[in-house]
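Number of protein chains: 2
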Amino acid sequence: MNQITILAPGLIGGSLAKALKANGFTGEIVGWGRRESSLNKALELGVIDRYSLDLSQAISGAEVIVIATPTLIAAEMLKQLAPLVNEEVIITDVASVKGNLLSVAKQAFGTVPANLVLAHPIAGSEKSGVAAAKADLFVNHRVIVTPTEQTNPQALQTVKSLWQSVGAELVDMPVDEHDKVLAATSHLPHVLAYTLVDALAGNPEQQNIFRFAAGGFRDFTRIASSDPTMWHEISLANRDALLTIIDEFSAQLANVREAIATGDSENILGCFNRAKTARDKFAQMLEQQQR
Amino acid sequence: MNQITILAPGLIGGSLAKALKANGFTGEIVGWGRRESSLNKALELGVIDRYSLDLSQAISGAEVIVIATPTLIAAEMLKQLAPLVNEEVIITDVASVKGNLLSVAKQAFGTVPANLVLAHPIAGSEKSGVAAAKADLFVNHRVIVTPTEQTNPQALQTVKSLWQSVGAELVDMPVDEHDKVLAATSHLPHVLAYTLVDALAGNPEQQNIFRFAAGGFRDFTRIASSDPTMWHEISLANRDALLTIIDEFSAQLANVREAIATGDSENILGCFNRAKTARDKFAQMLEQQQR
Numbered sequence: 090m091n092q093i094t095i096l097a098p099g100l101i102g103g104s105l106a107k108a109l110k111a112n113g114f115t116g117e118i119v120g121w122g123r124r125e126s127s128l129n130k131a132l133e134l135g136v137i138d139r140y141s142l143d144l145s146q147a148i149s150g151a152e153v154i155v156i157a158t159p160t161l162i163a164a165e166m167l168k169q170l171a172p173l174v175n176e177e178v179i180i181t182d183v184a185s186v187k188g189n190l191l192s193v194a195k196q197a198f199g200t201v202p203a204n205l206v207l208a209h210p211i212a213g214s215e216k217s218g219v220a221a222a223k224a225d226l227f228v229n230h231r232v233i234v235t236p237t238e239q240t241n242p243q244a245l246q247t248v249k250s251l252w253q254s255v256g257a258e259l260v261d262m263p264v265d266e267h268d269k270v271l272a273a274t275s276h277l278p279h280v281l282a283y284t285l286v287d288a289l290a291g292n293p294e295q296q297n298i299f300r301f302a303a304g305g306f307r308d309f310t311r312i313a314s315s316d317p318t319m320w321h322e323i324s325l326a327n328r329d330a331l332l333t334i335i336d337e338f339s340a341q342l343a344n345v346r347e348a349i350a351t352g353d354s355e356n357i358l359g360c361f362n363r364a365k366t367a368r369d370k371f372a373q374m375l376e377q378q379q380r
Numbered sequence: 090m091n092q093i094t095i096l097a098p099g100l101i102g103g104s105l106a107k108a109l110k111a112n113g114f115t116g117e118i119v120g121w122g123r124r125e126s127s128l129n130k131a132l133e134l135g136v137i138d139r140y141s142l143d144l145s146q147a148i149s150g151a152e153v154i155v156i157a158t159p160t161l162i163a164a165e166m167l168k169q170l171a172p173l174v175n176e177e178v179i180i181t182d183v184a185s186v187k188g189n190l191l192s193v194a195k196q197a198f199g200t201v202p203a204n205l206v207l208a209h210p211i212a213g214s215e216k217s218g219v220a221a222a223k224a225d226l227f228v229n230h231r232v233i234v235t236p237t238e239q240t241n242p243q244a245l246q247t248v249k250s251l252w253q254s255v256g257a258e259l260v261d262m263p264v265d266e267h268d269k270v271l272a273a274t275s276h277l278p279h280v281l282a283y284t285l286v287d288a289l290a291g292n293p294e295q296q297n298i299f300r301f302a303a304g305g306f307r308d309f310t311r312i313a314s315s316d317p318t319m320w321h322e323i324s325l326a327n328r329d330a331l332l333t334i335i336d337e338f339s340a341q342l343a344n345v346r347e348a349i350a351t352g353d354s355e356n357i358l359g360c361f362n363r364a365k366t367a368r369d370k371f372a373q374m375l376e377q378q379q380r
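Chains L and A, in that order, give the protein sequences. Just so you know, we're using the working numbering here: the first sequence kicks off at 90 and counts up by one. Just so you know, we're using the working numbering here: the second sequence kicks off at 90 and counts up by one.
Keep in mind that the hints were calculated from the coordinates and are not lab data. Be aware that a few hints might be false.
For identical chains, the list gives no copy identity; a pair is met inside one copy or between any two copies.
Derived EDC-like pairs (lysine to aspartate or glutamate); straight-line CA-CA distance at most 20 Å [what the hints assert, rightly or not]:
#1 Lys249 - Glu117
#2 Lys249 - Glu176
#3 Lys370 - Asp316
#4 Lys216 - Glu376
#5 Lys110 - Asp138
#6 Lys370 - Asp308
#7 Lys130 - Asp143
#8 Lys216 - Asp308
#9 Lys195 - Glu177
#10 Lys216 - Asp369
#11 Lys223 - Glu117
#12 Lys249 - Asp225
#13 Lys195 - Glu238
The model shown is predicted, which means the values in this text are computed figures rather than measured ones.
Bound conformation, chain L alone (with noise of 0.2 Å):
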């Protein structure tokens, strides 16, 4: 491969052009963004060959154009390729969410290209910007891919080997599941832990209700000091889904209610001890996952 344009090299997209470059990468690799102080930092940092502020200059040449802008913006960037690409330039993305890209693609070229193919690496940081990019942020972490029936295996296969390249766990799932599973495991606890935290700060009987709280109150909450923009994007991307198990978690806070208001044990008990089996279970694999 000669040319992998990255748009928005930031943490994920520079950690993935770091990566690549680590794990033998020789091709360039080029940069595109709004603002070109970013740029200047990935070129100075090493982490692009050059840029260009021209979309179109930028993907000129590519064989691989990866969008690792935010959910909101990457669904823009479709519209703004569509009439730049031909059907040969394989075009990828990182976000948290698929399905939005998946209809924004549809409109904006007429079919689901064939080269699309959508992938999400779950790793991460509460760091952003290309200064925070990392040769080793996805070893070992899991790259869901979620191809369509359109979608052309070599086209998926070229983006599964870019991403195995650099060390990652590459997982295939449908578009829906994807933005099931997500809203399950990070969107709900990252609006719970936002609605929590605004709920307690807003009563303003309980000023310094903070002063009480503990080390499991503070682990709890972490995923509330992350980047409100980036999630009220999310939010918003994958509202289908999000509200879907919102409305699930909130009847099963109902029960769980009911049982603590009529005293009932079991219920409770039955709720708490499974809860603990599960998460006992998860914690288990995550440490196994990262020996």
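Following the hints, complete the assembly by docking chain A onto the known chain L.
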């Protein structure tokens, strides 16, 4: 002081005993419990000086009785102590909920005893049992005491001095406020974490859902690995305050849900931004406290 009797010296009671000895307490520390094996372990570890399985023998001669049992058993202990103690003995505890103990004390003693000083050390661990007891568990941790108008100031001072001698920072708070604050910062987060993990684990379509969960989910759900029996007891003991804050949280979640459903960016961003600001401030406060 010549003698302190600790009822059920496990993680918290055992740590208090160890800490008192490490900080120059020269009186005798006597243990009482239901399982002789635990008391023997406490004796072997030097946490207590002697023990009795008979409650009246164990408390005979004690100037201070510390109820260190789980929440609901603490209420039971107050009933058992009522006919056994004279009014000069100071009774204190370490339970996570105070209102229920105050009610039980009123019933058991006819009136709230002047020498009953309810206290709650905000310290703990996922571990439990006397083997996990540590002499420095309370250093720089807060202990909330909840005196009433009837509380004997000298008894209050004695209990405060015990905790201060082991490095804790004392805070006075009315019983109602204590139970509200803890419902919000500790009991509700546990209920939410248990409910979420149970809801996700119970979904038959998503057997492998946890395979795709990452670090944020691990932190968010860590407290769902806590002891289910203990948290079941706390949920029932603090029922009224917990139901109130569950309802406040549910109403707030319904607002956020509505904002996501209608694409109301202003409200979503408002919630997420306020939460991030409050959470970052809390994290900063916690860091300064731990220095």
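Hint-by-hint comparison with the structure:
1. For the homomeric pair Lys249 and Glu117, the shortest alpha-carbon distance inside one copy (19 Å) is at most 20 Å, but the shortest distance between copies (68 Å) is not.
2. In this assembly of identical chains, the alpha carbons of Lys249 and Glu176 lie at most 20 Å apart only when taken from the same copy (19 Å versus 75 Å across copies).
3. Taking the shortest Cα distances, Lys370 and Asp316 sit within 20 Å of each other only across copies (15 Å), while inside one copy they are farther apart (29 Å).
4. For the homomeric pair Lys216 and Glu376, the shortest alpha-carbon distance between copies (18 Å) is at most 20 Å, but the shortest distance inside one copy (23 Å) is not.
5. Proximity of Lys110 to Asp138 under the C-alpha cut-off of 20 Å is restricted to the intra-copy arrangement: shortest distance 10 Å within a copy versus 65 Å between copies.
6. Both within a single protomer and between protomers do Lys370 and Asp308 lie at most 20 Å apart by alpha-carbon distance, with minima of 19 Å and 14 Å respectively.
7. Taking the shortest alpha-carbon separations for Lys130 and Asp143, only the intra-copy value of 17 Å comes in at or below 20 Å, while the best inter-copy value is 73 Å.
8. In the homo-oligomer, the alpha carbons of Lys216 and Asp308 lie at most 20 Å apart both inside one protomer (17 Å) and across protomers (17 Å), since each shortest distance falls under that limit.
9. In this assembly of identical chains, Lys195 and Glu177 lie within 20 Å of each other by CA distance solely inside one copy; the values are 17 Å within and 81 Å between copies.
10. Taking the shortest alpha-carbon separations for Lys216 and Asp369, only the inter-copy value of 14 Å comes in at or below 20 Å, while the best intra-copy value is 28 Å.
11. In the homo-oligomer, the alpha carbons of Lys223 and Glu117 lie at most 20 Å apart inside one protomer (19 Å), although the nearest pairing across protomers, at 58 Å, exceeds that limit.
12. With identical chains, the CA atoms of Lys249 and Asp225 are at most 20 Å apart within one copy only, with a shortest distance of 17 Å there and 51 Å across copies.
13. For the identical chains of this complex, Lys195 and Glu238 are intra-copy neighbours only, at 14 Å inside a copy versus 71 Å across copies, given an alpha-carbon limit of 20 Å.
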